[in-house]
Amino acid sequence: MRTQTKISDFIIKIFIWLFTLIAVGALILIVGFVLIKGLPYISWNFIVSPDTGILPMIVTTLIIIPLTLIIAAPIGICSAIYLVEYARPGKIVNLIRFATESLAGIPSIIYGLFGYVFFCLTLGFNYSILSGSLTLSIMVLPTIIRTTEEAIKTVPNSYREGSLALGATKLTTIFKIILPSSISGILTAIILSIGRIVGETAAVIFTLGTVTDMPKNLMSSGRTLATHMYNLAREGTNENAAFATAAVLIIVVALINLSARSVAGQFQKKLHSKK
Amino acid sequence: MVSKKNINAKPLTLIIEKMFFICACISILSLLIITVYLFISGGPPIFKIGFFNFLFGMEWNPEASKFGILPMITSSLLATLGSVIIGVVVGLFVAIFLAEIGPKWLVKPFSFAIELLAGIPSVVFGFFGLIVIVPLIYNNLGQPISGGLSLLAVIIILSIMILPTIINISETSIRAVRKEYKEGSLALGASHIQTIFKVLIPAAKSGIFTGIVLGIGRAIGETMAVILVAGNSVQMPTGILSSVRTLTSNIALEMGYSADLHREALFATGVVLFTFIMILNILLNVFIRNRRAEL
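Which chain is which? The protein sequence lines are A and B, in order. So the mapping is simple: this note's numbering equals the position in the first sequence, first residue as 1, plus 1. So the mapping is simple: this note's numbering equals the position in the second sequence, first residue as 1, plus 112.
Bear in mind the hints are in silico, worked out from the structure with no lab data behind them. Check before you lean on any hint, since a few could be wrong.
[To be verified] Partial list, derived from the structure: chain B residues whose beta carbon lies under 8 Å from chain A:
1) L167
2) G169
3) E171
4) I198
5) V202
6) W217
7) V236
8) L340
9) Y369
10) L373
11) F379
12) T387
13) I391
14) L395
15) L396
16) V398
[Stated by the list, open to error] Calculated from the model, a selection of chain B residues having no Cβ within reach of chain A, i.e. all distances over 10 Å:
17) P156
18) P174
19) E175
20) S177
21) F205
22) I226
23) A299
24) G333
A quick note: this is a predicted structure, and the numbers were derived from the prediction, not measured. Where a beta carbon is used, it is the ideal one built from N, C-alpha and C, also for glycine.
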């Protein structure tokens, strides 16, 4: 009986190790393969060449990111403040939570369809940076709300009580005490959102379009790096450029992840030192 | 003095506090607008085509005005089922590794790797599948006519893509199980592995289910990666090596050049997809509530 347990435990342990190595191996394989195939093709020409250069896509991506965040971040942060500091458990809060969870679960192609009908057609923005940013800002809203909420929740209650006891109003407490204390959590939310914006394809392709020109204004159609990558992969004519673009995307995402980690790490440290 | 300040501050305070509330309601508003617009654009065509003809029609041929999406529903469900089975088995074991079995010096880099995996854009997965997995299938599984672009390729790619979701949430909920449970089980003479499978996993089950439902949502909703490896022919899948088209890829492939009833049919496809997702969301809501109650 005893040895039987030992043997079955051993077998299960082997499977646990095996599957873990497979999962981590898959990541190493994908990242390694793309970097090895892609990095050699990243050159000055790959970026600025007038026909095939990715500079317009980089610029478009760099415009879309702040524009989306300017819309989504204030709304998301205010929602989180409401949910943690003001809301009492009840129907409205349940509804807000259900809506946030649902928005997080809606596939990006549905956002693309909706953005196309609502922003491009109904509001008449056509394929443009504006339509793309508005669509993306709804998409990243749940990420910002949830992450900010977690951050605000971790601010110790003694901070609130101390501030209120000193005669500060609730609003002053929020802006002077609670938001500054949860700043790294808010930053994490923003960095995570940037990751989502950079990697998104389906929602962007139907609201921003696929034009390869340098964007002129908010109403210009354009391509982000990820949609460019999709088009290259789909056309299949320039595999090297596709690998190089994939490599750029992976590097950007890895940098975003690392910075999110270090910001979150600082947040943890600060929290512990204060306790 | 204090009371005077409060009175002065009141109108502005009230406005700002109302603003917090309004911002919080934007989520509800967004969800409402999305639902309404999607159903306005995609609801009527379902009845124009015929509810039965649309949902259970076997033929999709826009030129002949035939809009049946049963093959795509089937493909979407099969792809999701396959990837979730693989994703859950592998993901759960990895979560156990990270939470219980793995040595500390490995857990840290591994969980960073899983986090990175979650961040990789879906097009990159699709491209990797197209360049590496599709040829592998073609060369090793009897050179099918689909050229390796197949249900199998979709399942493999999707199961890698949903792994981080399942691992992350399962790991968190296994870690959240009270220490007393584990200690009690070990004190009764159960082995570590027995404790994990008989005590920790049952105790963490609603968290694990949450992870699975989120994984299903991600798998059924994934578009671009699927298009690149699926082959996209509209046909009932006959085996794991058939070329397939999912609901999501149907929309993305034909939106660009569709018009009139064809375009409406694509929105109707979106409505079907959205309905699946909302059912999952409601399920999820139940699991999350159970989970909160358990914690």
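Now the hints, each set against the structure:
1. L167: At about 18 Å, which exceeds the 8 Å cut-off, the nearest Cβ of chain A leaves the hint on L167 of chain B violated.
2. G169: Violated - the Cβ of G169 of chain B stays beyond 8 Å from chain A, reaching only about 21 Å at its closest.
3. E171: Violated. Min distance 23 Å.
4. I198: Constraint on I198 of chain B not satisfied, violated at 10 Å.
5. V202: Holds - the Cβ of V202 of chain B comes within 8 Å of chain A, reaching about 5 Å at its closest.
6. W217: violated, 14 Å
7. V236: Hint holds; V236 of chain B Cβ to chain A Cβ min 5 Å, cut 8 Å.
8. L340: holds, 6 Å
9. Y369: Violated. Min distance 13 Å.
10. L373: violated, 16 Å
11. F379: holds, 6 Å
12. T387: violated, 11 Å
13. I391: Violated - the Cβ of I391 of chain B stays beyond 8 Å from chain A, reaching only about 11 Å at its closest.
14. L395: violated, 10 Å
15. L396: holds, 6 Å
16. V398: Interface hint status for V398 of chain B: violated (11 Å vs cutoff 8 Å).
17. P156: Holds, since 13 Å exceeds 10 Å.
18. P174: Since the minimum Cβ distance to chain A is about 17 Å, P174 of chain B lies beyond 10 Å and the statement holds.
19. E175: holds, 22 Å
20. S177: holds, 21 Å
21. F205: Non-interface label fails for F205 of chain B: nearest chain A Cβ at 4 Å, not farther than 10 Å.
22. I226: Violated, since 7 Å does not exceed 10 Å.
23. A299: holds, 16 Å
24. G333: violated, 2 Å
In summary, the structure is inconsistent with hints 1, 2, 3, 4, 6, 9, 10, 12, 13, 14, 16, 21, 22, 24 from the numbered list given earlier, while agreeing with the others.
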